[in-house]
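Chains as they are written, first to last, in my numbering: chain A, 6 to 213; chain B, 11 to 228.
The set of hints was computed from the structure by calculation and includes no laboratory data. Cβ coordinates follow ideal geometry from the N, Cα and C atoms, glycine included.
Restricting the straight-line Cα-Cα distance to at most 30 Å, the calculated cross-link-like pairs of lysine-lysine (DSSO-like) are:
1. B:29 with A:191
2. A:86 with B:29
3. B:95 with B:54
4. B:118 with B:185
5. B:95 with B:48
6. B:95 with B:118
One-sided excerpt, in silico: chain B residues whose CB lies under 7 Å from chain A:
7. 31
8. 35
9. 42
10. 43
11. 44
12. 45
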Amino acid sequence: MKKITKILGAALLMAMSAMPFAGNAQIIKGGYFNVDWQFNAPVGNEYANVASGWGMNFEGGYYIIPKMSLGLFVSYHTNNKYIGEQVLQLSDTESLYTDQQHSIYQVPFGITSRWRFIEDRMFEPYIGVKLGAMYTRMESDTQVYTYYQDRWGFNVQPEIGFSLFPMPVNRIGFHMAIYYSYATNKSHVLTYNINGYNNIGFRLGISF
Amino acid sequence: MKQVIPILLLAMAFTACQKEPDFNELSSELIVYTNYDKNVNFGKFATYAIPDSILVLDDKSKPTYFAANDPRTTAIIGAINSEMKTRGYTEVDNNLYADMGIQVSYVKDTNTIISYASTNPYWWYGYDYYWPGSYWNPYWWGWTPSYAYPISYTYTIGSLIIEFIALEDANASTKKIPVIWTAYMAGILSSNQLNINRTVTGIYQAFEQSPYIQSSVQ
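Chain B extracted, bound-state conformation (with noise of 0.2 Å):
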């Protein structure tokens, strides 16, 4: 019976012998998540903000930004821009008078950030500077956002993330600004670096697979 022994371990050894598939396939291609609150008609939105730079998630104890004249910067907003406005929205530069704001970050360091927790979803560890700082105009000091949706992802480093902020809705009693619409992609880098063509690849996807995002005001 000795002989059998190393046979019954080889047979549970291989019990666990999953063949992984092959990952380069996947390697070049995006994933692009949305998500949004269905009880928002985004018919009713005719004007929108949008800051000129681009907040960078990092470990930093202060806020970054990929500047107003950084390419990376041109690029991604132009993008969002021209979707918003083949969909009947209009820019304005105070977002005091916005019905909508637009809130673009990048993820260059998940150290800080904990996107969803179970317990509660709606609450987003280490955004203590992000809302309410002064990314947007000094009138929004102190508001944070509220989801009404959970976001079911980790956001992994190098990540773009796009979020409707419904500035119309605003609840200046409990100090919550709605986000009404995450756009998530992942798959952007190319050696490290931010592959501009394929963010804006996924910025098009984003709004391609969110028909909703179509403004009715004349």
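Next up, chain A with everything else stripped away, as it sits in the complex (with noise of 0.2 Å):
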């Protein structure tokens, strides 16, 4: 828990001395940026399928017409899982005893889109849609040894959100959304196979 504040901690003070002081400025009119922590919990897989708040979510757009936006999103999350001993039959003749930690460490980045059904109020709720690219490493470490497999893939999420201004005329608030995520990614690691990663989970953060 400690990790996670220091690392809210410097995304919350990086992204206000990024804020202007003062006024109603947006740092660029017509757009927004999000810094989220994210909580995330792997479905249809047991390989690492332990939810976590190992992760955190940034992105930001523009608003080419008053209620649809485009823009970037980059985001990470590991998810972590205890195996206890067992014996692994890596091959015809090769068989492992040990215990494992497993770790999917998930990076999907890419374009981001959203309608906001309210604009320039206090409660601004959307939907919105990110895809892009996904980088995974399936990774399961032993005392000794550590087992891991990189992949890329194709990423969707489908979200839906809100932002909070407690006082809209500053544009600097809270952000919320739930979303599902699917990537292409096909991992392979010791006897285990994810096909296809599958994620629900919801993001809390600031908007400015």
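With the hints as a guide, bring both chains together as one complex.
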């Protein structure tokens, strides 16, 4: 938790340093930025399906029309899971007795688009979608060895959320979203396979 | 736009922020790896020979051993003998009359060993004094081990290797002795010393995950 606090603190400080100190100006008029803490749960695989808050999301966009934005995003997340000792049949003749720490590390990035239902108000709900590439590392750590495989794939993330601006004129507020993420990455480590990465989660952060 | 740059840099930095798992959970657990030659019928063997000392692989130019009266030796060889007896094999003193030989090595220092060469997985560097040496009977001087399977692990400091060699199938013309079973265990150190209990547990586990080691000779 200390590390999360440090990361969040650093993110907030950096974000605040980029904010205007006074006035009602946005960094880019008609644009927005989000810095979010992320809670993510892999679904559809049992490799490392323990939900965690080890991730963040960064995105920025520009409203090309009053209700619709286009922008860029990058996020990252780690999910870990301890696996007790067992014998893995690595091949016809190879057996490995070990316990493991399973880990899935995901870094999706690409373009993001939103459709907001209300504009320039305190409460701005929206629906959105993110499209892009995703890097994954599927990893198994044992006491002595680390086994891993890096893969790339295509990622899509529909999301629904809202921005909350206590003082709408300042355009500095809070952001929350829930999302579903799917990526085409296929990974194999030891005797485990993941054929496509599915996740659900939510994001909490700041918007400016 | 200058104000955006720190945020972008921050985002890039965070993309390398993979959260490491809690390795403390792993610290007390063994790793036991076994591999064998699937073309060998372990049931055809009836006898085996095992030295009364354990070879220590370190950076010294001459081999060193855990002596026969060392408690580590008696515990390790005792566990192996117990398992072999349970599986129907009989120990003989003279390896010239044994079907199998059992080699036990403790890796103290890996400086002299590169266990796996990708260009030739069957070649073991730094073993010049290992098999051909005086560890076995002088009869085997100049013989080298022959692996029918790749060993895909670099052995780490503080690990134990047990290998079965088919003395019965030794090839006199090529001077090669087939290695038919390898067990490798790590995580057997406590406070930088060999933990006997954990090592013995690892030996039992190696046999447990190798049910094909069973004599059928009556």
